[in-house]
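Enquirer: Protein chains in written order, with our numbering: chain X, 1 to 202; chain G, 1 to 131.
What the hints contain is simulated information worked out from the structure, not anything from laboratory work. Take the hints with a grain of salt, since some may be wrong.
What the hints assert, rightly or not - Label-pair distances were calculated between CB atoms; the ranges are: (1) G:T22 with X:L115: 29 to 39 angstroms; (2) X:T149 with G:D40: 47 to 57 angstroms; (3) X:A163 with G:A45: 26 to 36 angstroms; (4) X:V168 with G:G96: 23 to 33 angstroms.
Stated by the list, open to error - Think about it this way: if two alpha-carbon atoms lie no more than 27 angstroms apart in a straight line, the pair counts; the simulated DSSO-like pairs of lysine-lysine are: (5) X:K95 with X:K164; (6) X:K95 with G:K18; (7) G:K75 with G:K18; (8) X:K22 with X:K164; (9) X:K91 with X:K164; (10) X:K164 with G:K18; (11) X:K91 with X:K22; (12) G:K75 with X:K22.
Stated by the list, open to error - According to the in silico footprint, chain X covers these stretches of chain G (three or more CB under 8 angstroms from chain X): (13) 22-32; (14) 35-43; (15) 46-58; (16) 73-86.
Even for Gly, the Cβ is constructed at its ideal location relative to N, Cα and C.
Now for the letters of each chain:
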Amino acid sequence: MSNTAVQPVETAQSMEHDNDSKTIFGFWVYLMTDCVVFASLFATFAVLRTSTFGDPSGNELFSLPFVLVETLILLTSSFTCGLAMLAAHRKDQAKVIAWFGVTFLLGIAFLSLELTEFSHLAHEGNSWTRSGFLSAFFTLVGTHGLHITTGLLWMIVLLVQIAKRGLVTSTMRRLTMLSLFWHFLDIIWIFIFTIVYLVGAV
Amino acid sequence: MSKSSIDIKPEVGHGSFKSYVTGFGLSLVLTLLAYILVVDGSRPANTIIAAIIVLAVMQLFVQLYFFLHLARESKPRWNLTALLFAALVVGIVVIGSLWIMRNLNYSHQHGNDRSPSDASRYIVEDELIKN
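Starting from the given sequences, assemble the full structure and let the hints guide the process.
Expert: Structure (structure tokens):
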């Protein structure tokens with residue numbers, strides 16, 4: 001008797017779980033298509049890398065220590081995002097909000113450094129209109145920055161939802177997707193750091 | 001737990017404290033190693049470029065393993081399948097673009113072949129671009 005009473009609840013739960021899995025898989029597929037978007041921007045950048053026509057190249061424009069700081073900030077934010085997910089699986093709501101708060105602040109720090117670099121370049125007359133190289137640079141790095149901005153907005157919305165509703169199925173699902181998004185953006189940045197800044201400085 | 005035929009567990013996202021710390025530590029080491037190689041600059045340029053690209057790819061695998069936990073995905077590995085397909089497309093787009101553009105004289109690689117630099121001079125003249 002008790003078995004038949006419990007059965008429907010269990011089925012409903014596992015069905016919900018399956019639907020969550022499919023949503024998360026769908027989000028993963030989106031990330032993979034985003035990979036292709038970035039790949040085309042990387043290819044464009046690689047082709048136009050040397051198209052400066054005597055104007056300054058990356059070697060003269062970029063400050064490597066500055067970019068290293070940006071990289072370490074984003075890497076750390078990816079790590080704290082992981083710690084937030086561990087807290088979420090323990091159902092420790094206070095820690096989730098704390099670690100995502102840290103991730104958010106690191107994301108803001110990264111974004112303001114990037115915008116500082118952009119405005120500095122534009123101020124010196126090296127905006128995207130100057131050469132093919134700078135067009136490709138601003139498009140590639142700017143698209144990444146736009147993703148980061150979206151991720152930060154998403155983080156705010158989700159933190160409000162968690163504060164209101166707690167770590168229920170829907171917020172857990174969104175947290176999982178946000179963490180995938182954030183780790184993905186860090187991986188893209190590794191390649192921007194390597195291909196754009198490090199190779200440019202060799 | 002009932003298993004449906006298309007059970008994609010959200011295991012990407014589960015991990016232990018240890019796996020995140022390991023991933024973070026390894027990523028830090030790989031990032032700093034690439035940075036030092038470039039700043040040091042005592043090795044030939046091609047060696048440095050090859051080395052830092054290898055380091056970036058290693059960091060990609062580190063983060064896929066320790067942050068995204070791709071290895072711990074359950075059997076029909078749809079996440080991995082999608083990733084491999086994306087990698088194929090990325091490879092075609094990036095390598096294909098570089099390969100084609102290298103063969104066009106638009107590419108301004110000042111090698112032994114004189115034609116690319118000649119071409120860039122013609123382009124500058126034809127397009128009335130001021131130096």
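Enquirer: If a hint holds in the structure, say so; if it doesn't, say that too.
Expert: Verification of the supplied hints:
{"no.": "1", "hint": "G:T22 with X:L115: 29 to 39 angstroms", "in the structure": "33 angstroms, holds"}
{"no.": "2", "hint": "X:T149 with G:D40: 47 to 57 angstroms", "in the structure": "35 angstroms, violated"}
{"no.": "3", "hint": "X:A163 with G:A45: 26 to 36 angstroms", "in the structure": "52 angstroms, violated"}
{"no.": "4", "hint": "X:V168 with G:G96: 23 to 33 angstroms", "in the structure": "46 angstroms, violated"}
{"no.": "5", "hint": "X:K95 with X:K164", "in the structure": "15 angstroms, holds"}
{"no.": "6", "hint": "X:K95 with G:K18", "in the structure": "17 angstroms, holds"}
{"no.": "7", "hint": "G:K75 with G:K18", "in the structure": "24 angstroms, holds"}
{"no.": "8", "hint": "X:K22 with X:K164", "in the structure": "25 angstroms, holds"}
{"no.": "9", "hint": "X:K91 with X:K164", "in the structure": "15 angstroms, holds"}
{"no.": "10", "hint": "X:K164 with G:K18", "in the structure": "31 angstroms, violated"}
{"no.": "11", "hint": "X:K91 with X:K22", "in the structure": "22 angstroms, holds"}
{"no.": "12", "hint": "G:K75 with X:K22", "in the structure": "15 angstroms, holds"}
{"no.": "13", "hint": "22-32", "in the structure": "holds (count 5)"}
{"no.": "14", "hint": "35-43", "in the structure": "holds (count 4)"}
{"no.": "15", "hint": "46-58", "in the structure": "holds (count 6)"}
{"no.": "16", "hint": "73-86", "in the structure": "holds (count 6)"}
The structure fails hints 2, 3, 4, 10 (numbered hints given earlier, in ascending order).
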